[in-house]
Amino acid sequence: MSESLADTTSPSSAVEDVAIVYAGDYVNKMSGQRIERECLQRMERGCRALVINFRDTELVNSIGVSILLGVIDAAEDHDTRVAFSNMSPHTVKLFELLGLTRLVVLADSEEAALAILKEFAAPSPGH
Amino acid sequence: MPVKSPKQRRILARTAPETFVGRGEQLRELSALGSPKSGQQGLLLLAAPQSGATELLRQTFDELFRQRGGPTPIYFAFSRSDAAVTSAARRFLHTFITQTVAHRRDDPALVNASPSLRTLLDLAAPQDYEWVERLIQSFERAQDEGDERALVRLCLGAPQQAASAGVRTVVMFDDTHLVERLRGESGLGPSLAQSAVQSGVPFVIAGPRRRLFDLLNGHAQTVGLDALRRLHLDRLKESDARTLADGLAQRLGVEMNDETRDLLVQQLESSPYLIAAILEAARTTATRLASFRDFQSLYVDELLGGRVFRRYNAVLEEVAPSLTLRRGLLRVLHESAQGNGGKSPAEVWMKRLGTDAVEFERVMRLLHMHELASFHATYVETTPTTVWRDFLRVSYRLQVAAEPRALVVADTLVETLKRAPRTMARHYRREAALKLGEVMRGFNFERVPKSLLRYDRFLRMYRGLPRDEARAGLDAETDTVLLPQIVHAASCASFHPSITQFCDEERCSVAHGFESGEYTEGVEVVWIAAEVESKLEAGRALVGLWLDRLEQVAQACGFERVRFWLISREGFSAEAAELLNEREAYGSCSEQLDLLTARLSASSAQGAGEASADEFAIELPMSEDTELIAAHTVEQIARRMEFQPEAINQIKTALVEACINAAEHSLSTERKIYNRFRVEDDKLVITVSSRGLSAPVSLSENGTQLADKNGGEGSKGRRGWGLKLIRTLMDDVEFERVDDGTRLRMTKYLRK
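These protein sequence lines map, in sequence, to chains P and S.
FYI, my numbering numbers position 53 of the first sequence as 53, with every residue one higher than the one before it.
FYI, my numbering numbers position 330 of the second sequence as 330, with every residue one higher than the one before it.
Looking at chain P on its own, in the form it has when it is part of the complex (with noise of 0.2 Å):
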C-alpha cells in the first residue's frame, strides 16, 4: 500500500507505508504539532515507518523537542519506526545531547532513511 505525494496539502509525503514528513526552519510550539498531526495522522493510515526531514530547519526549541518525543512515543505504540533525516549538526548534537538520538534512526539523506526504513515497512508475510 502507498500514498501518493499528490494527497498531502501539507509538506509531507508518502512513500509505500513510509510517511515523509517534513519540519520548518524553526521546530517550536506550532510547527512541533503540526508535525505531531501529520504523523498521528499517517500512522492513523497504516504508514508503519515516519521519516521526519529536518533539511529547512535551522532552529529547534525544547517545546518542539518535546513534542517530538510525543511524536517518538506515539510511534512506538503504532508499531512505526522513525527516522530522522538532513539535520544539520547543531540539530543532530542539540538532539544527542537531550537524548533523541537514542530513539530514533538517524539518516543523512531522504533516500538513506527511506533505504533503512523500507524493510522494516514491508508487509509482513501472510499480511
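No lab work stands behind these hints: they were computed from the structure.
From the three backbone atoms N, C-alpha and C, an ideal C-beta is built for every residue, glycine too.
Each statement offered as a hint is correct.
Just so you have them, the derived chain S footprint on chain P, three or more residues with Cβ under 8 Å:
no., region
1, 25-36
2, 61-72
Derived pair list, reagent style DSS-like, types lysine-lysine, alpha-carbon separation capped at 27 Å:
no., chain 1, residue 1, chain 2, residue 2
3, S, Lys435, S, Lys237
4, S, Lys535, S, Lys435
5, P, Lys93, S, Lys683
6, P, Lys29, S, Lys672
7, S, Lys435, S, Lys450
8, P, Lys93, P, Lys29
Dock chain S against chain P, hints included.
For chain S alone, coordinates are given in the frame of chain P:
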C-alpha cells in the same frame, strides 16, 4: 570643597561661604527647594548633635537671599526665651514679614534689624503692601480676641497668605526641639508640622534626629509627614573637618601645624561645632596650636570652664534643672561610663537618681535626644564620645567628688597628653585598615575567579606577575566562586564586642547575605572577614587561632551558615593555606583583595550605568515566535565577534530557550522580555529579563541525556529542559536577583 557663590555677602551665616565645608551637597539640595524643578515641597533635616545644622540653614538662607528673582528665604529658630506657644508664633510672624520685606527690597541689613510691624508695613514694596497690611490687621485682631489656637494658626499660615499674593518663600524652622518647652493649650510641634505640610509652600524643619518625628507627630500621626524627604546630617568627614580647621585657623589668625590639626580633628571627632569652639578659644586667648601640648592645654581649659564646658553644662541644666538632681545625674553618668561598656540597668539609674517614673522618663528622653546617653527601655548607655566622657570625668571630680581644681586640671592634662599618641595611632590604623565591611557590602552575586579567594591558587598562578597579566589570567579563569548578595555589613564588634581584645574594630567585619536570588532561609549566609596582622606570610598557628576566634563569634551570635575569610597582607604560608582549605575558609593577600575590589567596582559600574558603547538592547513583546527576532539579532552580533558557526547556533538556541522561559514562567502583566547583549573582548554576555514572578533558579549541573523515554512521561512531563539546555550550551549561566522578576545572565567565551 568650599562652596562658591558669585556674591559672597554674609547675612545670617556665621561662617564665610568659602570656609563652610563638607556640606556642599546638602546646601545644594536645600537651596534648590524653591526652584520649580526641585519637585520637593518639604524636607526634614535630621541632625546629629553638633553637626552644624544651624549653620547649614543660615548658609542656605544667604545663598537664597543672594539669588535675586528666586524665592524668599525665611529662617526661624525656636528659642529658649520663647516662654509660650503664642510668643513663639508671634515671633515667627514678625520674622517672616521682616525677612520677606528685606528680600523683596534687597535689603540684607533689615534681616538683622528688629523693626515694628507698622514700620515693616511702611517699608514693604508697593506690590506687597496690601497683603502685608491684611496680615498685620488679622494678627492684631487675633491678638485682641485672645484665641490662642487661632493666633498660632494665623501666624504659621503667613507663608500661605504670602503665596496667595504671589510671593514665593522657602521657610526653614530650626531648633524645633525647643517647642516642647513652650507653654500653651496645645503642642506647637504638631501644629507646625500640619501647617507646613498643608501650606503648599516649600519648607525645612530641622531638629535632633532622635526626637524630631515625635515632636512633630505629638500624640497622633501628622498626615503627610512620613512622605517628606529626610536629609540626615552627621558629623563631618575627616577630610572636610581638616579643611574646616585649616580654614578657620587661617581666618582667625591661629597658628596651627598639621600634626596638631589632625589631633584636634580626631579628638573632637570631626564635630564642626567643637572645632570652631576650640579655634575661637585659641583666638581669644591668643594661643597658638603648634604642638600637642598647646592643644591639650587649651582643650582642658575649655573643658573646665570654656565653650565646651558651657555647651554641655547648658544641656545638663536643661535635663536636670535642680542642683541635687544634676549632681546625681553627673554621678550616675560618670559611674555608668566607667562601668561595663558604659551600660547600666535603667532601674539602677532610677534608684540612684531618686526620681519618680515620670521625672526619670523626662530625664532619659532629654539625654537620649541630645545623644548623651541612649535609653533602651531596660538599660541606659552613656554615649562614648571622647569629649563628653572627658567632660563627665572632670565635672564629676569637681562637682561631686569635690577634688581640688588644680589636681583635676593637672591629671586631665597629663591624661590627654598621654592619650594623644594613642588617638593618632588608632587613626592611622583605621586609615590603613582594609575596610572589609565596605568590600563585602559591594558583593552582589558576582562570579569571581576562585584565585581571588584562595591564596594558594593565587600564589601558584599569579603572584609576581605584572598586574595586567594577572588581570588577564583572572579574566580567563573559568573556576569561579559566586559571591553572595550582602544585605548588611557591620564591624564584628557590633555583634560581639569582645573581639576588640584581639583587633581594631575596623579589622573584623560581619556581613549578612544570601547565596542565591531567592531570599529564603536555606540560602542565608554570614561572612565573617578578619584582617590578620602579620608582617610575613601568616602561619598555620596564627590562622588556626583566628579561625577558632571567628568560630566562637559565629557560635556566640547564633550564625548558622558561615563563611570565614581571612586577609593577611603578605598572604599565608603553605601550611596555613592548607588549613584554610581544610576548614573551607577563604584566604586572600592584599593584592588579591585589590584585584577583587577593582573587579567588584567594575561590575557595579556596569550594573549601575547605562548601556555602554558595546552593548545592544532589545525589548520584545511576549508573543508567538518573537524569540526568533532575538535569535537573529544575537546571530548578527556573534558573527561580528567572529564566533564559530557552531557556537553561534548554541548561543541562538540558548537565547531562544531563555526567552521562552521568561515568557512561560514570569506571569508578567506587561508581557515584555528585555534582552541585552554586551560585547567584550573575549566574550558575549547576554541578559534576559522580565518582570513578574521569579523563575526557578536551580540549574542542573549536567544537562545531558535528558530524554528518558522509558520514564513513562508524557510530553508535558518532559518540559522544563530549557534551563538545563542553556546551561549546557553556554559557558556561564546565572540568575541575578531582581526585585520584581528574574534576570538570567549567560556568557559565551570567544574561542577562535
